[in-house]
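Participant: Residue-level listing of the chains:
Number of protein chains: 2
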Amino acid sequence: MAQIIDGKVISQEIRLKLNEEVAQFVNAGNPQPHLTAVIVGEDPASEIYVRNKMTACKEVGISSETKRLPATTTEEELLQLIGELNRDDSVSGVLVQLPVPEQINERTICNAVAPEKDVDGFNEINMGRLALDMEGFVPATPLAVKTLLEHCNIETFGRNAVVVGRSKNVSLPLAILMHSDGKNATKALDATVTICHRYTPPKELAIHCRQADIIVVAVGKPGLITKDMVKPGACVIDVGINRIKDEKTGNDKLVGDVDFEEVRQVAGHISPVPGGVGPMTVTMLMYNTLKAAKKAAQNASRKSALV
Amino acid sequence: MAQIIDGKVISQEIRLKLNEEVAQFVNAGNPQPHLTAVIVGEDPASEIYVRNKMTACKEVGISSETKRLPATTTEEELLQLIGELNRDDSVSGVLVQLPVPEQINERTICNAVAPEKDVDGFNEINMGRLALDMEGFVPATPLAVKTLLEHCNIETFGRNAVVVGRSKNVSLPLAILMHSDGKNATKALDATVTICHRYTPPKELAIHCRQADIIVVAVGKPGLITKDMVKPGACVIDVGINRIKDEKTGNDKLVGDVDFEEVRQVAGHISPVPGGVGPMTVTMLMYNTLKAAKKAAQNASRKSALV
Numbered sequence: 283m284a285q286i287i288d289g290k291v292i293s294q295e296i297r298l299k300l301n302e303e304v305a306q307f308v309n310a311g312n313p314q315p316h317l318t319a320v321i322v323g324e325d326p327a328s329e330i331y332v333r334n335k336m337t338a339c340k341e342v343g344i345s346s347e348t349k350r351l352p353a354t355t356t357e358e359e360l361l362q363l364i365g366e367l368n369r370d371d372s373v374s375g376v377l378v379q380l381p382v383p384e385q386i387n388e389r390t391i392c393n394a395v396a397p398e399k400d401v402d403g404f405n406e407i408n409m410g411r412l413a414l415d416m417e418g419f420v421p422a423t424p425l426a427v428k429t430l431l432e433h434c435n436i437e438t439f440g441r442n443a444v445v446v447g448r449s450k451n452v453s454l455p456l457a458i459l460m461h462s463d464g465k466n467a468t469k470a471l472d473a474t475v476t477i478c479h480r481y482t483p484p485k486e487l488a489i490h491c492r493q494a495d496i497i498v499v500a501v502g503k504p505g506l507i508t509k510d511m512v513k514p515g516a517c518v519i520d521v522g523i524n525r526i527k528d529e530k531t532g533n534d535k536l537v538g539d540v541d542f543e544e545v546r547q548v549a550g551h552i553s554p555v556p557g558g559v560g561p562m563t564v565t566m567l568m569y570n571t572l573k574a575a576k577k578a579a580q581n582a583s584r585k586s587a588l589v
Numbered sequence: 283m284a285q286i287i288d289g290k291v292i293s294q295e296i297r298l299k300l301n302e303e304v305a306q307f308v309n310a311g312n313p314q315p316h317l318t319a320v321i322v323g324e325d326p327a328s329e330i331y332v333r334n335k336m337t338a339c340k341e342v343g344i345s346s347e348t349k350r351l352p353a354t355t356t357e358e359e360l361l362q363l364i365g366e367l368n369r370d371d372s373v374s375g376v377l378v379q380l381p382v383p384e385q386i387n388e389r390t391i392c393n394a395v396a397p398e399k400d401v402d403g404f405n406e407i408n409m410g411r412l413a414l415d416m417e418g419f420v421p422a423t424p425l426a427v428k429t430l431l432e433h434c435n436i437e438t439f440g441r442n443a444v445v446v447g448r449s450k451n452v453s454l455p456l457a458i459l460m461h462s463d464g465k466n467a468t469k470a471l472d473a474t475v476t477i478c479h480r481y482t483p484p485k486e487l488a489i490h491c492r493q494a495d496i497i498v499v500a501v502g503k504p505g506l507i508t509k510d511m512v513k514p515g516a517c518v519i520d521v522g523i524n525r526i527k528d529e530k531t532g533n534d535k536l537v538g539d540v541d542f543e544e545v546r547q548v549a550g551h552i553s554p555v556p557g558g559v560g561p562m563t564v565t566m567l568m569y570n571t572l573k574a575a576k577k578a579a580q581n582a583s584r585k586s587a588l589v
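Protein chains in written order, with our numbering: chain A, 283 to 589; chain B, 283 to 589.
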């Protein structure tokens with residue numbers, strides 16, 4: 283029976299450490315790290331996500347603010363707000379909660395957030411830096427998966443990993459983090475990585491998965507990964523979040539992309555949904571915000587040393 | 283017996299087409315596209331590479347210039363030259379031949395070339411755009427591999443591909459181009475992609491390769507890919523260039539990473555070394571330079587329309 287990767291517990295541990303680090307940072311005379319989130323329109327899911335992020339900020343001692351703009355906001359208005367936040371020295375990190383209304387180009391917005399405040403890691407420059415194994419901001423979800431693997435001492439060096447999905451904010455950055463050189467700035471995981479996606483024939487997906495020591499799935503298809511696709515002892519990380527009807531109770535419930543009850547019988551480690559990658563993602567956003575604050579403080583002291 | 287992918291012939295075809303396109307572009311009243319190459323120091327290999335590029339420029343009707351700086355050039359001096367070239371409207375594309383002497387940081391130099399003149403595609407912004415399937419410059423070698431596959435009608439959609447190597451200027455951009463969505467701006471190839479590298483155990487490398495419909499190898503190890511690792515009918519693209527001693531003649535000769543004579547007996551298609559990816563790479567640099575010139579002309583006419 284697989285060991286459950288308890289994202290809540292691990293997350294709590296890391297938040298405690300981050301809380302200590304923030305306190306040390308502030309006690310050393312630095313300004314309190316600050317995260318500003320921007321929500322455009324009134325998407326209920328976005329409200330929940332942002333609320334969770336704000337709660338996490340409180341837990342680790344990061345000050346935070348949510349700016350709310352109406353659904354009718356133009357791209358120009360949003361860009362202006364982002365520009366102000368970029369220039370505001372009291373703001374360490376800026377995140378624009380996605381999705382944005384359709385009159386606004388998501389890519390333009392992601393690129394408008396200053397790379398050094400881009401705690402979501404969605405700016406094209408941070409994506410480029412990640413691809414080049416350079417220092418920068420890595421999106422929170424792939425960072426969460428990497429941290430869970432490391433925390434559970436899952437061996438990745440020279441192992442076979444399969445990433446199911448090819449999204450730009452989760453799967454691709456994760457595939458980069460998993461295959462790249464551990465000796466470079468991103469401290470990547472040196473695994474052999476196979477990227478499967480919607481056009482991978484199901485039979486081939488099963489073959490690739492069965493060869494994998496680590497499977498990470500992030501596509502949004504309940505029950506996609508079944509017991510017969512998992513090598514005994516493999517580590518299965520489930521990034522999917524799907525709302526389905528519980529046949530027993532008739533109520534909605536959250537499930538991932540893995541047939542959890544079946545797969546846990548063969549896997550060595552498995553992350554549940556909810557309570558796996560989700561809470562860790564929010565924690566990694568806190569990690570990125572503290573990192574942004576530390577860099578800003580370094581740059582400020584470098585500048586004042588030059589004066 | 284495999285069909286040989288003749289990079290020279292395909293390259294010649296494409297250069298003819300590019301030559302026509304350049305002529306049309308110039309006849310429409312646009313300035314002649316221009317490529318400036320910068321060599322720092324006196325690396326004999328760099329001299330050959332740049333000479334080949336300049337010859338290709340002549341063939342397709344792109345004007346060109348090679349700037350030579352002494353091996354003692356400082357990073358600042360090189361950055362100043364790049365800055366001048368970036369600002370010079372008569373220059374469509376800028377390439378700094380790598381490697382640069384050790385007192386110069388290669389990454390700083392690659393990032394200094396203006397993204398819109400970065401015909402090598404090595405600027406972090408172009409790397410980010412490629413990762414995000416956005417319009418930008420793709421490095422010439424991965425573009426050459428993609429073009430060879432397309433030219434030979436090798437089916438990639440939903441097929442298994444293995445990329446052996448994880449270099450940032452060849453293997454990673456190629457892995458991105460091979461697995462990403464064909465409907466986005468980069469017109470990627472929708473294959474399932476496995477990235478193998480130095481830490482992939484040889485036994486696992488063989489297993490992954492044997493499952494592959496397409497194998498691309500770019501590591502610099504003569505004889506790495508052997509007959510038993512190739513599925514009958516698979517397409518094998520060899521990006522390796524290794525200088526070894528010919529046992530028969532005692533002279534140096536160029537070979538790739540594939541045991542060509544053996545593998546051609548099982549493969550469906552195979553690219554030779556020399557005469558495969560090499561000439562196509564230079565051709566793709568010409569493609570990128572014309573693209574840069576076209577974009578610059580568009581931007582100029584957009585600007586003048588605004589005046």
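Since the hints were made in silico from the structure, they are not lab data. Values in this document were obtained by computation on a predicted structure and should not be read as measured data. Careful: at least some of the hints might be erroneous.
Where chains are identical, the list cannot tell them apart; a pair therefore holds if satisfied intra-copy or between any two copies.
The calculated BS3-like cross-link candidates involving lysine-lysine, where the alpha carbons are at most 27 Å apart (straight line), are [stated by the list, open to error]: (1) Lys465 x Lys485; (2) Lys573 x Lys450; (3) Lys340 x Lys530; (4) Lys503 x Lys585; (5) Lys469 x Lys485; (6) Lys576 x Lys530; (7) Lys503 x Lys469; (8) Lys513 x Lys485; (9) Lys527 x Lys509; (10) Lys450 x Lys299; (11) Lys576 x Lys503; (12) Lys450 x Lys340; (13) Lys469 x Lys527; (14) Lys530 x Lys349; (15) Lys340 x Lys585.
Participant: It remains to establish, for every hint, whether it holds in the given structure.
Facilitator: Evaluated hints:
For a Cα distance limit of 27 Å, the shortest separation of Lys465 from Lys485 across copies, 24 Å, qualifies, whereas the shortest one inside one copy, 35 Å, does not. Taking the shortest Cα distances, Lys573 and Lys450 sit within 27 Å of each other both inside one copy (22 Å) and across copies (25 Å). Proximity of Lys340 and Lys530 under a CA criterion of 27 Å is satisfied in neither setting, with 37 Å inside one chain copy and 73 Å between copies. When the C-alpha separation of Lys503 and Lys585 is checked against a cutoff of 27 Å, the pair qualifies neither within a copy, at 50 Å, nor between copies, at 47 Å.
Taking the shortest Cα distances, Lys469 and Lys485 sit within 27 Å of each other only across copies (25 Å), while inside one copy they are farther apart (33 Å). Neither within a single protomer nor between protomers do Lys576 and Lys530 lie at most 27 Å apart by alpha-carbon distance, with minima of 49 Å and 62 Å respectively. Taking identical chains as interchangeable, the C-alpha atoms of Lys503 and Lys469 lie at most 27 Å apart only when they sit on different chains, with a minimum of 25 Å there against 30 Å within one chain. Taking identical chains as interchangeable, the C-alpha atoms of Lys513 and Lys485 lie at most 27 Å apart whether they share a chain (15 Å) or sit on different chains (17 Å).
For the identical chains of this complex, Lys527 and Lys509 are intra-copy neighbours only, at 22 Å inside a copy versus 52 Å across copies, given an alpha-carbon limit of 27 Å. When the C-alpha separation of Lys450 and Lys299 is checked against a cutoff of 27 Å, the pair qualifies neither within a copy, at 29 Å, nor between copies, at 34 Å. With identical chains, the CA atoms of Lys576 and Lys503 are never at most 27 Å apart, being 39 Å at best within one copy and 43 Å at best between copies. Taking the closest pair of Cα atoms, Lys450 and Lys340 never come within 27 Å of each other, the shortest separation being 29 Å inside a single copy and 39 Å across copies.
When the C-alpha separation of Lys469 and Lys527 is checked against a cutoff of 27 Å, the pair qualifies neither within a copy, at 40 Å, nor between copies, at 38 Å. Within a single copy, Lys530 and Lys349 get their C-alpha atoms no closer than 40 Å, and across copies no closer than 74 Å, so neither meets the 27 Å cut-off. Taking identical chains as interchangeable, the C-alpha atoms of Lys340 and Lys585 are never at most 27 Å apart, the minima being 30 Å within one chain and 48 Å between chains.
Violation of the numbered hints given earlier is confined to hints 3, 4, 6, 10, 11, 12, 13, 14, 15; the remaining hints are satisfied by the structure.
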